[in-house]
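Q: Each chain, letter by letter, is given below.
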Amino acid sequence: SAVISQKPSRDICQRGTSLTIQCQVDSQVTMMFWYRQQPGQSLTLIATANQGSEATYESGFVIDKFPISRPNLTFSTLTVSNMSPEDSSIYLCSVTISGGVRETQYFGPGTRLLVL
Amino acid sequence: GESVGLHLPTLSVQEGDNSIINCAYSNSASDYFIWYKQESGKGPQFIIDIRSNMDKRQGQRVTVLLNKTVKHLSLQIAATQPGDSAVYFCAENRGGSYIPTFGRGTSLIVHP
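One line per chain: the protein sequences are A and R, in this order.
Residue numbers in the first sequence follow our numbering, run continuously in steps of one, and reach 1088 at the last position.
Residue numbers in the second sequence follow our numbering, run continuously in steps of one, and reach 94 at the last position.
Think of the hints as simulated: they come from the structure by calculation, not from any bench.
Model, not experiment: these values are computed from the prediction.
Any given hint might turn out to be false.
Stated by the list, open to error - With a straight-line Cα cutoff of 25 Å, these simulated SDA-like cross-link-like pairs (lysine to any residue) come out:
1) K53(R) with Q1013(A)
2) K24(R) with T1016(A)
3) K979(A) with S1041(A)
Work out the full structure: start from the sequences and follow the hints.
A: Next up, the structure:
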């Protein structure tokens, strides 16, 4: 498994501003992922971030709105830009670790964002 | 009993009972399945996984059953405890993909 931490754990932001969320892993991993989880809902993948290359975004998510950095094998950031109340959500980073039946995803504790 | 709420289906059980959480998947190409537990205020936590060439896998107090004929996955929790109260998500990996697709989730409430 992996120990994943996120900063901040929660924040309240004004519309129009931007917030950068940090994700730190205690081991080197190739792939990191960013998810959004709206209240009472399941997880939706935003993008996949590999070290040394640009992030790959899922349908409905764009780099201008959710720029991602992946400067090394243990760290990534997700920025939520020009925020609106619709961006209020939990943002989760995750990594894949080999083991068990197959590679499995492990998640950080999440960043709870409220946009006013 | 089981009901569908505004957001998540909910399963309420008494402490000590066995719980069964069900999940239907739609893609016959899915070859790997995972159950996650998400407690309030935390990220999803891996519980147990199963590959499509298996129909049952057991862990500590948990068993996952896979029925490929009807595309159904279940998580059985034995002797359910209040600490098992959480939202449980099933996830499927589709044909070689390493990125799971998450199901809707079921809220398990364990009454002492």
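Q: The structure should be examined with respect to each hint, and the outcome stated for every one.
A: Hints and how they fare:
no.: 1; hint: K53(R) with Q1013(A); in the structure: 22 Å, holds
no.: 2; hint: K24(R) with T1016(A); in the structure: 16 Å, holds
no.: 3; hint: K979(A) with S1041(A); in the structure: 15 Å, holds
No hint from the list above goes unmet by this structure.
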